[in-house]
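Student: Read off the chains here:
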Amino acid sequence: MSAELPVYRRRRPGRWVLTLVVVLLAASLARSLITNRRFGWDTVGAWLFSRTVMTGLATTLELTAAAMVIGLALGVTLALMRLSDNPVARAVSWAYIWLFRGTPLLVQLLFWGFISALYPTLSLHLPFLPAIGDVPANSVITTFTAALLGLGLNEAAYLAEIIRAGIVSVDHGQLEAADALGLSRGRTLRRIVLPQAMRVIIPPVGNETISMLKTTSLVSVLAYAELLYSVQIVYARTYQTIPLLIVASIWYLAVTTVLNIGQHYLERHFAKGGSR
Amino acid sequence: MMIEATGVRKSFAGREVLRGIDLRVARGTVTCVIGPSGSGKSTFLRCVNHLERPDGGRILVDGEPIGYEPYRDGVRELRRRDLARQRRDIGMVFQRFHLFPHLTALANVVEGPVGAGRPRAEATEEALALLDRVGLADRRDAYPAQLSGGQQQRVAIARALAMRPKLMLFDEPTSALDPELVGEVLDVMRGLAADGMTMLVVTHELGFAREVADEVAFFDDGRIVESGPPGRVLTAPDHPRTRDFVTRVL
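If you read the sequences in order, they're chains Z and E. First residue of the first sequence? That's 1 in the numbering used here, and the numbers climb one at a time after it. First residue of the second sequence? That's 1001 in the numbering used here, and the numbers climb one at a time after it.
FYI, nobody ran anything at the bench for these hints, they're computed from the structure. All values derive from a computational prediction rather than experimental measurement. Idealized CB from N, CA, C, for every residue including glycine. Please note that the accuracy of each hint is not assured.
On the chain E side, residues computed to face chain Z include the following (Cβ under 10 Å) [claimed, not checked]:
1. Pro1101
2. Arg1120
3. Ala1160
So the derived label-pair ranges between C-beta atoms look like this [as the list claims (entries may be wrong)]:
4. Gly173(Z) with Tyr1071(E): 12 to 20 Å
5. Asp1187(E) with Arg268(Z): 33 to 41 Å
6. Ala1121(E) with Ser50(Z): 36 to 44 Å
7. Ser184(Z) with Gly1135(E): 27 to 35 Å
8. Tyr1071(E) with Lys214(Z): 50 to 58 Å
9. Asp134(Z) with Pro1119(E): 50 to 58 Å
10. Ala91(Z) with Arg1053(E): 21 to 29 Å
11. Arg1053(E) with Phe144(Z): 28 to 36 Å
12. Arg1053(E) with Pro130(Z): 22 to 30 Å
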């Protein structure tokens, strides 16, 4: 094209049509939010920063963080076992993932919650050795431990696969270069493989964290007072079901937003040296 | 002798790639391995630092069997830790560089020595000197993706040298480079040879072989068909296959 010819912008009528549709829908939604008194915005406001809700939120955050830490630590271990030369380690990892991915999390949570029905006391029996410890299960597996075990052990199975995919994605030449330099296996993993695997691992782990934040609400079946169960306790008493569910949703959304921002910065950090 | 290889054999999925390689490389000399692709040159080179495990024969580097230790009436494979210790004395440069993309040029060079337990300050000082030697002191903070192929390969050479190896292996170091970048890498290799480094170089650069090599070994179909000083092997080869290869490449 010659530089002297004027260049016109192509009109995009589709955008105008879509904008109109969205504006109309948004307006009708907004009208309903304001005029439908059953949303109970004054109740939402009254409970949003209440002590009960704040405690529930703190518990949810605590549970999310602790479950993800357990999931990551165990997930890395399982991923390395799955990739190991040792056939026993590979089989154990495979069986773990098969079991924990193959049954519903809700069922697993209930199992941990009712563990004392299965094992009233906990002790370790090894062949040819006397039993070690003999304590009531309910004193060790509190509701918190049951919730944490349920969430963390289940998460580990999913994170193991994500981490394995990340490790496998690293170019084999990187391992050869590390081998040729005489780097130890641990250092190769820490310094060469994992930092590169992170680029593949972080986006799905971010997803998993956000998903975990909301999945902690399942723990309400164990009557453990995380965010959802906290508001359930309130509306069971006051019958203000919808406003209190909105309170919980607002906090889930707020934390998710913060996590999204964190993920963005983590991804940027591990994109170092990348060509894309 | 720096390398003494005897009867090295290797198969991949039933296909024999090395059919009994005998090769000796004297200390302080440069041996170039040439031959058509698929003749087993790279596989042999990779056996020398045990990136490939030979099926038979043996390889001594500086008198030490690589990858194996004596056991009962035979040998058994070394523990990974001991193999790593052996590999630290053998530098390797790959066709496709394999620099660590998430580390700067300087960090790439420092990684090996620090991993081997040298103090970071000392390793950094030496790494800077090595980057200077390959002409890249000013690019120390660049990531591999910001460097040209020739620059990346020079960093890779510095990374290998940082381990103070007694032997350097080069696996077609210029084959992945644009033609105008080949020279800068060969210059660095010439300098190394002039300093007395023992080098085993798989290459298609017959000009480099003629000029720098003390010995040239011609591989064909998993065997060394002919070897000797470049003046003979490259100019007046005895074997028809060598003659054919040399005339086709030149």
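Student: Please go over all the hints and tell whether each is borne out by the structure.
Tutor: Hint check:
Interface restraint check: Pro1101(E) against chain Z, minimum CB-CB distance 5 Å, threshold 10 Å, status holds. Annotation: Arg1120(E) was flagged as interfacial toward chain Z, and the flag is violated, the nearest CB pair being 13 Å apart, outside 10 Å. Among the interface hints, the one on Ala1160(E) holds; its C-beta lies about 8 Å from the nearest C-beta in chain Z, closer than the 10 Å criterion. The hinted range of 12 to 20 Å is not satisfied by Gly173(Z) and Tyr1071(E), whose Cβ atoms lie roughly 32 Å apart.
Taking the beta carbon of each, Asp1187(E) and Arg268(Z) are about 38 Å apart, inside 33 to 41 Å as hinted. The supplied range of 36 to 44 Å is broken by Ala1121(E) and Ser50(Z), whose beta-carbon atoms lie about 57 Å from each other. A hinted range of 27 to 35 Å for the beta carbons of Ser184(Z) and Gly1135(E) is consistent with their spacing of about 31 Å. A beta carbon spacing of about 57 Å between Tyr1071(E) and Lys214(Z) agrees with the range 50 to 58 Å that was offered as a hint.
At roughly 52 Å, the beta carbons of Asp134(Z) and Pro1119(E) sit within the given window of 50 to 58 Å. About 25 Å separates the C-beta atoms of Ala91(Z) and Arg1053(E), a value consistent with the hinted range of 21 to 29 Å. About 51 Å separates the C-beta atoms of Arg1053(E) and Phe144(Z), a value inconsistent with the hinted range of 28 to 36 Å. Between Arg1053(E) and Pro130(Z) the beta carbon distance is about 46 Å. The supplied range of 22 to 30 Å is therefore violated.
The structure does not agree with the numbered hints 2, 4, 6, 11 and 12 stated previously, though it agrees with the rest.
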